[in-house]
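Model the placement of chain B on the given structure of chain A, informed by the hints.
Chains A and B, in that order, are what the protein sequence lines are. The opening position of the first sequence corresponds to residue 70 in my numbering, with each subsequent residue numbered one higher. The opening position of the second sequence corresponds to residue 70 in my numbering, with each subsequent residue numbered one higher.
A few of these clues could be false.
Intra- or inter-copy, both count: the list cannot distinguish identical chains.
[What the hints assert, rightly or not] Below, in silico cross-link-like pairs of lysine-lysine (PhoX-like), each with a Cα-Cα straight-line distance of 25 Å or less: (1) Lys89 / Lys189; (2) Lys178 / Lys155; (3) Lys174 / Lys189; (4) Lys167 / Lys189.
Everything labelled a hint here was simulated from the structure, so no lab data went into it.
Number of protein chains: 2
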Amino acid sequence: MDNFLGFQTKVDFYGCDSEKINSPEFIEKTLLSAATLMNLSVVQSTIHEFSPIGISGVLVIEESHIAIHTWPEYNYVAIDFFTCNKSYLLKEGILWLKEQFSALKIEIKNDNRGNLEITKQYSHTNEN
Amino acid sequence: MDNFLGFQTKVDFYGCDSEKINSPEFIEKTLLSAATLMNLSVVQSTIHEFSPIGISGVLVIEESHIAIHTWPEYNYVAIDFFTCNKSYLLKEGILWLKEQFSALKIEIKNDNRGNLEITKQYSHTNEN
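Isolated chain A (complex conformation):
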């Protein structure tokens, strides 16, 4: 079993279709569909359109959050998945999103959060 509380996957999508990734409707619909495809349960969706260009969006999910930021002028999208377990279809979701954005290249980095050994050292319930 993993020794961490949170699991974070950061994906950079390069060479995306700039029109698509500048549409708040497209971004929201695509993120919601991705969450469904990945077996993640959406609690709330917030999409913000920047002036003159670019979208920020966050889905709060039961398992933590998904955040997106788009730079249409650079054909670039950053997405973060932050979850409290790994029982979801991460790879399938990322490949599906790559298709939706017409991305030419993706880079994926993983990170773990909340080391259980350290939480034990600093747990208040261990205090005498």
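Chain B only, in chain A's frame:
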């Protein structure tokens, strides 16, 4: 000048006061105050209370987002700051949050997102 579009700082707070970090009112008020202190402009705030314990929250800010997840049973809080520039008071905000959570230990990791050299290679405007 930095060669990236996004700047991400991930902070792990260990040994936090479990009552404080299980209060949605406290978490929202504290995050909003931190954003103000750090000179970040809040667009929208979403706080979600888990059953039986734990809080998730996201502030969409003009500069990108701040996300928080708390595990009161482990006295642990994860916060991510994702911004499109570095002109904000990051260090001051983190130290202030440490005090508010009564955290005993913090760990900070930084990451850059959206490499400008790669965006140039995959830019559609370079196509003939």
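Results for each hint:
no., hint, in the structure
1, Lys89 / Lys189, "between (46 Å within a copy, 19 Å between copies)"
2, Lys178 / Lys155, "both (15 Å within a copy, 22 Å between copies)"
3, Lys174 / Lys189, "between (40 Å within a copy, 12 Å between copies)"
4, Lys167 / Lys189, "between (39 Å within a copy, 18 Å between copies)"
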